[in-house]
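S.K.: With these hints in hand, go ahead and build the complete structure from the sequences.
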Amino acid sequence: MKMNNTRASASLKEMIHVAHVDKFYGDFQALSDVDLSVNQGERIVICGPSGSGKSTLIRCLNGLEFHDAGEIIVDGISVEEDSKHLKTLRQEVGMVFQQFNLFPHLTILENLTIGPMKVRKIAKAEAEKRARLYLERVHIPEQADKYPAQLSGGQQQRVAIARSLCMETRIMLFDEPTSALDPEMINEVLDVMVELADTGITMVCVTHEMGFARKVADRIVFMEAGRIMETATPDKFFTNPDSERLKLFLGQILDH
Amino acid sequence: MSTRAKPLTLKKVLNSVPVSFAIYAFVMWLIIYGAYAGAQAMGYNWQWYRMPQYFYTLTDDGFQLGEIMIGLGKTIQLSLTAFALATIFGLFIALLRLSDLVIGRGLSIALLEFLRNMPLLVLLYLFYYVLGPVFSLDRYTASVLCLAVFHAALISEIFRAGINAIPKGQWEGATSIGMSKGQAYRYIILPQSIRFMLPPMTGEVVHLIKSSAIVSVIAVAELTTIGRNLISDTYMSFEIWFTIAAVYMVVTLLLSIGVSQVEKRYAVQT
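Quick note, the sequences are listed as chains L and V, same order.
Numbering-wise (the UniProt record's numbering), the first sequence opens with residue 1 and increments by one.
Numbering-wise (the UniProt record's numbering), the second sequence opens with residue 1 and increments by one.
None of these hints come from the bench; they were simulated from the model.
Please note: incorrect hints may appear among the correct ones.
[What the hints assert, rightly or not] Result set (BS3-like, lysine-lysine): computed pairs, CA atoms no more than 27 Å apart in a straight line:
id: 1; chain 1: L; residue 1: K87; chain 2: L; residue 2: K124
id: 2; chain 1: L; residue 1: K118; chain 2: V; residue 2: K168
id: 3; chain 1: V; residue 1: K168; chain 2: L; residue 2: K146
id: 4; chain 1: V; residue 1: K181; chain 2: L; residue 2: K121
id: 5; chain 1: L; residue 1: K129; chain 2: L; residue 2: K87
id: 6; chain 1: L; residue 1: K121; chain 2: V; residue 2: K168
id: 7; chain 1: V; residue 1: K264; chain 2: L; residue 2: K146
id: 8; chain 1: L; residue 1: K236; chain 2: L; residue 2: K215
M.R.: Below is the structure:
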C-alpha cells in the first residue's frame, strides 16, 4: 500500500466547490446534480465512459462552458457567464487539452511567454527565464526555438503543460491529456504529470489512464450519464467499489 | 525501374510547353487581329506613334510624366486609400458579425446585404449627389468613401471566413491562459487568419483597382477619366483604350505576382 495515496497533507482550504450543478445541451442533460469538493493540493482523477459528462464538468470549472443550475466556486470566485472575475479566475486555473491547442504561428518559447507577457504583464526577459525553467521541468529545453508542428505529440503536450505552468496557476485541469497521443508517447506525458503532482498543485484530471490514477490520485471520481456515481480513494476504488456500474466499468477497462 | 514510355495522352499534349505556348499565341493573335481587322474595316487611322507622349516627355525642360502616368498615380492613390479604409471598416463589420451582441450581428448583416445588393454606380451617386452636399464631400473624398464602404462589405466576409477557419481549440487555448477576447483576436486568431485571407484579399485589391474606374463618371481625374479626356481631344479611341486596359492589367498582374511571392515566403506549416 502506497502512502502517498492517503496523503494527509492536503490542507483543508477548499479550492473547488461544485454544488448541485446541472448542465444542458438543448434537451440533453450533460450534468445532473453534480457535487464535488476539492481541497488545496488535492489530486482528483475523474473517469467514466464516453459521454458521461467528465469533460463537460472540467470545462465548467474554468468557464469554457457554463452550468445552468447550481453553483461552482473556484478559488473563491463564482464561475458565472457574465462575471467580471472570469479573467482573474482563468489566470489562476491552468488547463491542458486533449488536442494540445498550442499556437502554431508562435515558437515554443513564444507559446510559453505570450500568456505571462500579455496577461500578467511580465517583462519579456523575466517571462523567457520562466519559460526556460518550465521547459526544463518538462524535459524539453532544447526545443525552445522550434514551432509546435515540428514536435511530436508527446512533446507538444508537455509544452502545453509548461504553458499552463508559466502562468503559475494554483489549479491545473487536465482534459484527457493523453487520449490523442500515440501509445509510445503516453508515458513521457504521464511522467511529467506525476512529477507535477508532487509539487503540491491542485490537480483535476480527466483520464482513462488507470495506472496514473492509482499512482497519484487522492480520490477518484466515477461519472456516468452526467452524475457522479462514486468517489473513492484509489485503494477502495479498484479493490472494493460500491456501485455495480463501477464494477462493470472496471471489468471492461482492466480485463485485458 | 521501368523504362517504358508512358502513353501520350491528350492531356499531356495540351499541357506541354510548346503546345500551350502555341495555343496562347493563337488566342492573342485572334484578339489583336480581330481588333485590327475591325478597325481596318471602318477605315481607322492608327496613330500609335502619338502614344508615348502621354506616358512621358523629354523636352528642354527635362523629364516630365505624361497624363496617363499622372492618372495612374491617382488611380493607385485612390485605390490604396480606399483599400486601407475598407480593411478597417471590413474588420469592424466582421467583428460585429462574430460578436455576441444580437444588435451587432443584425446591424452588420443589414449593412452587408445592403451594400452587396446595391450596384456600385448607384452607391457612387448616393455618396456624391446625396451625401456629398450634406457632408460637403469633394468628388475625390466621395469616391474614396464610396469604394471603401462598398469593398468593406466584401472584405468583411473575407475576414469572417479567415477567422472562422481557425479551430475552436485556439480560442480555448487563448482563453485558458487568461486572455480576453480582444487579446485572443490580436495575438492568436488574427495572425493565424492572415494566411487564409491573403489570396482572397489580393483578389479584392485587384477588384478594387478595376472598379475604381467607375469614379470617372463623377470626373475624378484618374486613369479612366484621363483616357476619356484624351480621346475627346485626339479621337484615338482604339489606341487609348487599349493602352489604358494594358496599364490596368500590368498593375494588377504585378500585384498578384508580388503577393504570391509573399505567400510563398510566409507559408506557415501546420
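S.K.: So which of the earlier hints does this model not fit?
M.R.: none
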